[in-house]
Structures are given as C-alpha cells and as structure tokens.
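A.B. asks: Protein sequences appear in the order of chains D and G.
Taken in order, the first sequence gives residues 1 to 386; the numbers are from our numbering.
Taken in order, the second sequence gives residues 387 to 784; the numbers are from our numbering.
Worth flagging that the hints you see were computed from the coordinates, not collected in a lab.
Check the hints yourself; a few may be wrong.
What the hints assert, rightly or not - Derived CB-CB ranges, DEER-like:
#1 G597(G) with A222(D): 49 to 59 Å
#2 G427(G) with A384(D): 52 to 62 Å
#3 D143(D) with Q659(G): 46 to 56 Å
#4 V204(D) with R726(G): 42 to 52 Å
#5 R726(G) with E50(D): 50 to 60 Å
#6 Q733(G) with V204(D): 50 to 60 Å
#7 Q660(G) with A184(D): 47 to 57 Å
Even glycine gets a Cβ: it sits at the ideal position worked out from N, Cα and C.
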Amino acid sequence: MDFELSDEQVALRDAARDYFANRWSRDHVRDALDRPPVVVPDELWQEVAELGWVGIAVAVEAGGSGGDVATAAVIAEEAGRALFPSALASVLTAAVALDRAGDRWRGALLEGVCAGTRRAVCAFEEPGGAWGPDAVRTTAVRDGDRLVVSGSKILVADVEGTDTLLVAARTPTGVALVAVPADAPGVTITPMIRIDGGQIGEVVLDAVQLPADALLGSDAPADAGDDAGADADALARSTYDLGTLLGAADLLGVAEAALAVTTAFANDRVQFGRPIGSFQAVSHRLADVLVDVEITRSLLYAACLAMDEGRPDAAELVSAVKVAANEAAVRATEAAVQLHGGIGFTWELDVHLYLRRARAGVATFGDGAHHLDRIFAQHTQARAAT
Amino acid sequence: MDLHFSAEDEQYRLRLREWLEAHTGRAKNPLAAGGGGDIMGALQGARDWQRTLWEAGYVGLAWPKEYGGQEATLTQQVIVNQELARYSTPPLINTIGLTILGPTLVVNGTDDQRRRFLPKILSAEELWCQGFSEPEAGSDLASLRTRAEIDGDEFVVTGQKVWTSLAPIADWCFLLARTDPNAPKREGISYLLCNMRTPGIKVNALRNAAGGIHFSEVFFDEVRIPRDQLVGELHGGWQIARTTLEHERSGLSNVLSLEQTLKRLWATASSLQQGTGVALDDPSLRREFARAWVDIEALRYLGFRTLSAQIAGRTPGAGASVGKLHASQLRQRLADLALRTEGPLAQLAKRSPHVVDRGRWVAAYFDALGHSIGGGTAEIQRNTIAERVLGLPRSVVD
Ligand SMILES: Cc1cc2nc3c(=O)[nH]c(=O)nc-3n(C[C@H](O)[C@H](O)[C@H](O)COP(=O)(O)OP(=O)(O)OC[C@H]3O[C@@H](n4cnc5c(N)ncnc54)[C@H](O)[C@@H]3O)c2cc1C
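Chain G on its own, in the form it takes in the complex:
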C-alpha cells in the first residue's frame, strides 16, 4: 500500500499551482451571475477561462494529443481536479461535453467526428448539452419516444427532451432518439449530434427549485440532422449511452469542494453567536461536525481506491455508484447541518438583515437536493449496487 504521488507527479502539481497562482481571479462563473448581471459577458468569461486552461495543457487530459488532448496519466488528471478545486476555480463551462460526449467520441466516433468536434469541446468554442431525459423517460431512459426518421441523407427528429442542463447557452446537443419503433426498446435507439441553431428547435428554460436557471425543455419539430452526425451504428445508441453513463470518475474532485464547504461552515459555527457563546459550543453539534469530517475523508479514500483500481487496469464498474451515492448523501447531510447550525436564523431570505453568510447555506441546501436526482437517482444507484455488486435479482421486470 502506498498513497504517495511520485516525485514527477508532485513536480507536475507544483507547476500547476504556479500557473494557477498567476491565472486565478480571471475566471467567472456565468451561472453564479444570477438574474441581474451581465450574463453574456460572464458567459464569454467562462469560455475564455476554459480556453486559457486548455491552452496551458490542463483540459482534456485523458484525450489523444491528435485532437487537442494531453494523453496524461490518471494521476495527473486527479492532480488537476484537486488543484482546480483547491483554488476554487469555477466549474468548466463545457463540463458535459468534456466528461460525457468527448470520451464517447474518442471511443465510438468516426475520425471525422473526432477531428470536427473534439478540439472545440476542449476550447469551449462549442458548448454542449445532453438531450437524454424526456417527460416519459427518466430513470427508465430506454422508454424514450423522440423519433428520428431517415430521409435520404438526413435524420428528421421530432419529440421533446426535458431537464436538459445548459440548453439555452449550448451550441450543440447530443441526444438519443428512436430510429426503429418496432424493435425492442433498447435496440431501436440511435445517438445523434445536433446543432442547436437548426430550424425546428425550441428551448424553454425552466427555473429550478433553488430559483436559478439550470435546465430546460427542448422541443424538436422535424429537425434535420445530417446522417454523418450519427455516432456509432444505426440503432446502436443505447449501448453507447450506457457506457458513457458509466464513464467512471474517481470522485476526488468532489472531495476538495466538500472539504472547503466544511471548513467554511466550521468557521461560521465557531463565530455564530448562540446565547453567551457560539454555535459550536454545543457538544452534539460538535459531534456532527466531526461526523461530517469522517464522511468526507471516507469519500477521499474511496476515491483513492477507485483510482488505484483504475491505474491497475481494473474497471471500478458499478463501484462508482457507491461513490456517487455516498457523495450525494454527504452533500445533503452537510447542507442540512449548515441550516441546523444557523438555527432559527436559517429561515431568513438572502438579503435580509441578520441573514447568515448572505444566505449561502440555503442555496447550498437546495443545490444539494438535485445531486441525488441528476445523473441517475439515488434509488437507481441502489438498484445498481444491489444488482451488479451484490448480485441480487433485478427489481424491475421489463
């Protein structure tokens, strides 16, 4: 057992830190700009930040050099994730393209598709959204109904997607559509790439429970997609989507952001007045803070075990569900702990006098709720663990 990074890796980390010291502060998070600010300006800032980071060699670490990647080691990827989180840089604007579509194209795309799309995912010149979920197909994604009919050299797509994150700002969408309505439900689905400016697409932004704009409805009305924007085989989209949904990440980047959250909350609890003392004088609250620390350490070392398995060439497989389930629950427990630390003050809205930390914890609380829904619900993660790790019988017969 050995948890050390090699001297070479530590060098890599140092160079990255120096780079970050010189370059942070320039990045802006467009989603944090809220209703008021200059959204278009912030968006451009976010694209610029990703591009700068890519040009420095810190985006697309696992991707082939030929398409703008780095062919870096897994350990270097982890180091980059850790350091970006440590410096609290904003999330990369094209994360969906980077984490889901990119790896899919590397494996399943044609050479033309890779050359055409990968560099612009990396540079954030083209932002991507994921059009999988539909009103009638969420956890049971294979029940999707959006149709794609073949007409000469084109697919003609009609249907509706929903919960599509970032749709209003996306330039492109990768989507699943039914190309063979008569085949069994998993065998008639294709994986398509669609320009969001194509006639027939309508985006209707939805407000989420936290009050922000995060996801949208996307309507397709006879939208024409060139045939060469099909990824993989015709009707072969389900297998491709499944592999990408399982695209493993060790979850180590989550750890640092959670750690920072706990640190900040600890500081709040150590100064928030409660009677003649502070909130953290309460012994039961102290134990909960210690418990939150245990949970975060657990996620860290779980991440190291996943990483170590990947380095050894083993796929963590359904084991990634363990990390996702634990991380979403932990995030929610931490947010709940924050509100209980505030006590009755937790009811105050953002700009009220006496509000604690300018209302950050209520926002964190609502944000955390989405983590056990998006990307496969907690229940679906439990199904996966039960069936694929423990080997229990399938719970759903379909």
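With the rest of the complex left out, here is chain D:
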C-alpha cells in the first residue's frame, strides 16, 4: 500500500511549482482583469508544451509524456496554485480524449496538440440548466457518408485560439465526442469572459457537415461486433470525468495557496499586541480549512487511482472530489478575504484573485448540486443492481 505521490510525481510537482513561480505572475492575472481575457502568451504555451505538460497524460507513442491521471492532476493542482490559466487543463483533457479514441486520432492533430502548435478543447455544457453528458441535446446524425452536428454549447472554456472542438453530441447509442474544426461552415463562436478573467465562449453548431469518421470511438450498438475503437459513450463520459477531476485538482491548488498566504499573514499581522493567528476565531477557521484541504486531497488521490484502474466507482469518486474541492476552495478563499481585514478587500492584494478562480472553478464541470445528484443516482442504480 502506498497512497501518496510517487517520487517522480513529487519531483514533477516541485518542478511545476518552480516553473510557474518563475514564469507566471499573479500580476498578469490582475492586470488582465482590466483587459480580459487572461491568456497564456504563445511563448509560455510553447514552454509548457515542451516541458511535456500539455500531453502529460497522452501515451508516449502518440507524442505525449505517458503519465497517469494522478500525474495530470499534479499539473492541474500546480496551475491552480499559481493561477495559471485553465487552458492547460482544458487542452490536456481534450488531448487525453483524442489519445484514447484509438489510432484514427493519433497523428498530426494530437502530436500538434502535445507539441503546443495546435489546440483542442471539449464542449459539453448546453443552455437549459441541466449539466453534464446526460443533459446533452446537441445531435450527431449520420447522413450518408456525412455526420451532421446541430446544437449549441455554452461555458466552453478556452475556446478562442482552438482549432478543434470536441463537441459532446447525442448519437443513437448515447453520447459521443465529435471533432469539429473551429472554422467549419456552420460553427459560430462567441467569446465571453469568466469572472476570473478566463476565456470561455458560446458555440452554435448549425447543421455542421463532417466526415463520417469525425466521431471519437465507436457509436455502434454493443452487439454489433464493431471494433472501430473505444466505446464512444464511455469515452465521452470518462472525458467529462477527467475534466471534472482536473478541475477539482485546480481548486485544491487554489485552496492551498489561499490557506498559505492567509496563514503567513496571520503570523505576521499584530493587533492587540499579538499576532492575529493567536486568536482562535482566526486560527480555528484556518484549521477548518486545513481539514477541508486534507479531505479533498485524500479524495483526489482516490479518484485518480479509480480512474487509472478503470474501476466502476470512478465516476462517483470523481463527483465526490469535486464536491469536496468546491467547498474547500470557497471556504479557503472567503476566509482569505475576511482574515486579511481591509487589505483583503483591495484590488491590490491577490486574495480576490484566488476567490475569483475558486468561484469560476466551482461552477465548471458541474457544480456541487449536480455532482451530489450524480452520486445519488449512481447509488440508487447500484442498489437496484444488487
């Protein structure tokens, strides 16, 4: 039994933490809030790709670094801690989907994505107030040798500058990801800004005509004996889960960063002749945040292992860690604002940047209510099955 990061993962974590600390300043984030969106300059994107982080969880033979889910989570957590734009996790997730979709998708696109010269992101959510793969109403319909995709997507993170969208669409056998070139006729992208300055967008797909093999994996019925690759529905769902898990890792990084700056402040700031960290109204609130953080980390590792092993409880654990991370991040960052006093309410100090990132992340890849409903449904199913 070994339930901590491996030595290599610890080394990667330290390297990533150093890299982001040296190359990315939170001042970029603050400055960019006035001139949004906050984006990764091309030069930095090239660097993180060369470090192997965009393709961190893509097989080596497909151009990636061959890491597991836990390794990808290390990168996502460090990006969160540094408030490095979410594009890294977004593209990383799409790259894993392409890699797992089979040989058809290993090649120029995926290699380019790993190398930082091309970009792909996933588009799951839709208007209507229901979230996740089950709520997808966009359709992918076969018409002769074409695949026709119609529908609309919202909250598509890091959509600008992407050349391929992996659009979740309904097929006769479930949900599937369909690779849609961003410049295909019928695709309209409207960029928007997230509360943390991040970049999201709405994508309208008006009967977009694609080649028949634009679908990732096979959407043939299970009994068709089709061997065209991964089961498309399972792939789409596990991609959503991976995105969710990396979102939780990002939030964990944010929570830890907020806790660390607030703890340091509580040690330094003196009132009534004592450091404010000696007042229990302060220290106990921080102790509670530490508990939230430790719980989230424990669930994160559990979910990573479950995903890597393809265990049936993976989806539930992914939901569990997102629920825990949402709460940890909000509590940590709200405590950060409060416990800094007046300066915590200034634009100058970084704490509102953490709070923004937390609030954006909480709402990404399903909020807490969505994941609690998912857990309940899975439990009920498991009960019915036994």
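Following the hints, position chain G with the ligand against chain D.
C.D. replies: Below, chain G with the ligand alone, put in the same frame as chain D:
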C-alpha cells in the same frame, strides 16, 4: 500510488472472515444491555468475547509476542479493524487498556510491568480505566491536582478524577497524579497504575446525557500504591501521557461503522412514508445523503493516507487531529441527518408507537455529541492543527 492489499494480506483477511463467520453471534455488548438485563452476565460475555478473539490471534496485533501480542503488520491491524466493524462485532471491552495503556507500557514500562500487565489486558482478565481528567483539569490536563506523596515504598494518592469511562467495571486504573507540587505544572506529574480494589477508592457512576452509564467520578482517599507501579520516571508522567494521547490510529475502523450507519439510514429513508411517497423522494434530502457518503469516503481515504505514511515510517503527528475532527463532525452531521429524515416523528421516545427504528437515531444523536468532547475536544483539535500543522502562534499562554 497503489491501494491494493498484497495477496498475503488478502489471505489473512479471508482467514479472519472465516473465523468471524464461525464465531460471531456469541459476543454481547454489556453497555447495550441497558438498565434492565443481566449486566454481570453480559459483562462476562464481553470479557469472554475479547478472550476468544485474542486466543484466535486477533487482539494485540502490534504488541510483542513475548507479552501475548502478534507483532503483526500495520496493514493486518487495519484489516482486523475493518473486518470486526464489517461483522458488527461489539467493541472490545478493554479498549482503553488496549489502545492507551498497552502501547504505553510497551514503550515506557519496566519488563516486570509488561509481563505482569500486558497479557491480562489482552485476555480481558483485567479491565482498565483512564484516570486523567479532573474537575479542574480537562482540556488543561496539566493543571491536575490529585496528589501522590511518597511514603516509603508506596505512593499515597488523594484527590478526585472525573468522566472516568468504565470505572465501575474496571479492575485497574492508570492515572496521573502530582508528585512534586513545587515544580512547574508539567514537570511534577507521575504516571501510576492502581488496583481499583485498593482501600480508599470510591466510584460514583454518573449518567450521561444519553441516559446511559458511561463514566464516573472516582475519589481517592489516601490510596496506597506500591512504588513499582510507577510507569517511567518519577515526575516524568506528563511526557508519557502526551505520547500516548498522540498514539495514532488511522481511523479506518471508524469508517466501516459509519458506512453501516449510513446504509441503515438510507434504508430507513427509502421506506419511511412521507405523504404519498417516501422521505428520500425529497431532492434536498437526497443531496444530503450523497454528501454524507462523500464525507465517509473522505474519512476512508484520509485513513489510507495516514496508514500509508505510517507504513513508510513517517509519523502522521498532528495530522491525526484532522481525522479525529472530521470523524466527530461527520458522526454528528449524520445523526442530525437521521433526525431530520424522521421529521416530526423524531420527537418520539423509545417505546412509543410510531417511533422510527425503535428510537435508534435519537440514541445515535446523543452518542455522537460526546465524540467531539472525549479524547480532546474539537476546539483542542483545532488548536493542535493550527499550532502544529499550520504553524500559527499558540492561542493559550500558560
Ligand atoms: C464520552 C466521554 C468519555 C470520557 N472518558 C474519559 C476517560 O475515560 N478518562 C478521562 O480521564 N477523561 C475522560 N473524558 C473527559 C474528557 O477528556 C474531557 O471532558 C475533555 O478533555 C474536556 O475537558 P472538560 O470536560 O474539563 O472541559 P473543559 O476543558 O472545561 O472545556 C469546556 C469547553 O471549553 C473549551 N476549551 C477549553 N480549553 C480551550 C482552549 N484552550 N481553546 C479553546 N477552547 C477551549 C472546550 O473545547 C470545551 O468546549 C471523557 C469525556 C467524554 C465526553
């Protein structure tokens, strides 16, 4: 990262399961017997159960073989805890001796003390209670006032302990007493072992808020304790007590009992009539059930991280406070969820018509309240986390 138990460990688990299949049902929990039943008979049953389990090799796993232990691996200890919980066996009657005194004697006892006391802790032949807390010394334990004066080959102990769990049935008590009243408060305390039948001891059982007998007041009036029942150095008791209070457990045994509680509550909520449906039709209640499941999984994997650190030879240190704080809060949230699931029916006393699950949830609710007080209050756990994990300044100056 790897959460698998080795094939050898899984074998060990299977053998234990087979053993439990053959032996459960014989155990009785004397504390559950309540006011009415045959308490002495139930008590004997509980001692017999622990003895049977020990003879089979499932008690005292970490202890040296020389004194009746198994020298088993940490993983095997976890497996035993998990399986005992899975089979809902009653708690071991001598838990206080097993978890607190035993490990203390293994480290700090003399060879004679180990030989004399350890085997009988394991076999439940001698039941132990812990005499630390006093009326004026709870969280601030080092302020304790019970005195032990040296008189020839004996200590003469006078003072009062309180909240002493299991005192009326205990044969022995390990206690802290002040042997040097002039020293700074942490430097004049000694750790003593006292036979509860010694003249001068009076036990006054107290009812707890749940209505049961759990803890007592214990009065010491010139109680004579032989000098060789001092553990460690004279005046060196505080350090010893502190290390035992920190004696880490991964908390994994808690998880299974909480899991079973949730399962049972889930079943209740799925059948309890509410209007034209059942309680669990309520979407907000559903989310709370899902949330409770998340909390329990969190405790499970937190436990695995603690265990994994221990196996790697790292002490989890103050990290155990994280598990204790989370577990006590979780237990309380779960009990509260149970009462809210019952709705207005939650007001019904045990034997009333219409009472849900024979009143088990109110009992669980009261029981849960004690979990954030005993063994160091939730506030003290937060102090520990703040000071020793986060490195914040001490909140109390003394
Ligand atoms: C079920 C149960 C079983 C027990 N069994 C035993 C036993 O077998 N043997 C034994 O020796 N003791 C036992 N105890 C006693 C237990 O250890 C004490 O009750 C506990 O340490 C608290 O001490 P106290 O009761 O004096 O409360 P106090 O210390 O007076 O605390 C009162 C309140 O003040 C808070 N408080 C105190 N100091 C601080 C501080 N520094 N910062 C913030 N808040 C603070 C506490 O958290 C608490 O809320 C048991 C208690 C319970 C509930």
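A.B. asks: Does each hint fit the structure? Answer for all of them.
C.D. replies: Comparing the hints with the structure gives:
1. G597(G) with A222(D): 49 to 59 Å: This hint holds: roughly 58 Å between Cβ atoms.
2. G427(G) with A384(D): 52 to 62 Å: At 44 Å between Cβs, range violated.
3. D143(D) with Q659(G): 46 to 56 Å: The hint (46 to 56 Å, Cβ to Cβ) holds, given that D143(D) and Q659(G) are roughly 52 Å apart.
4. V204(D) with R726(G): 42 to 52 Å: 44 Å, holds
5. R726(G) with E50(D): 50 to 60 Å: 55 Å, holds
6. Q733(G) with V204(D): 50 to 60 Å: Roughly 56 Å apart at Cβ, these two residues keep to the hinted range, so it holds.
7. Q660(G) with A184(D): 47 to 57 Å: 52 Å, holds
Hint 2 alone, counting from the list given before, is not met by this structure.
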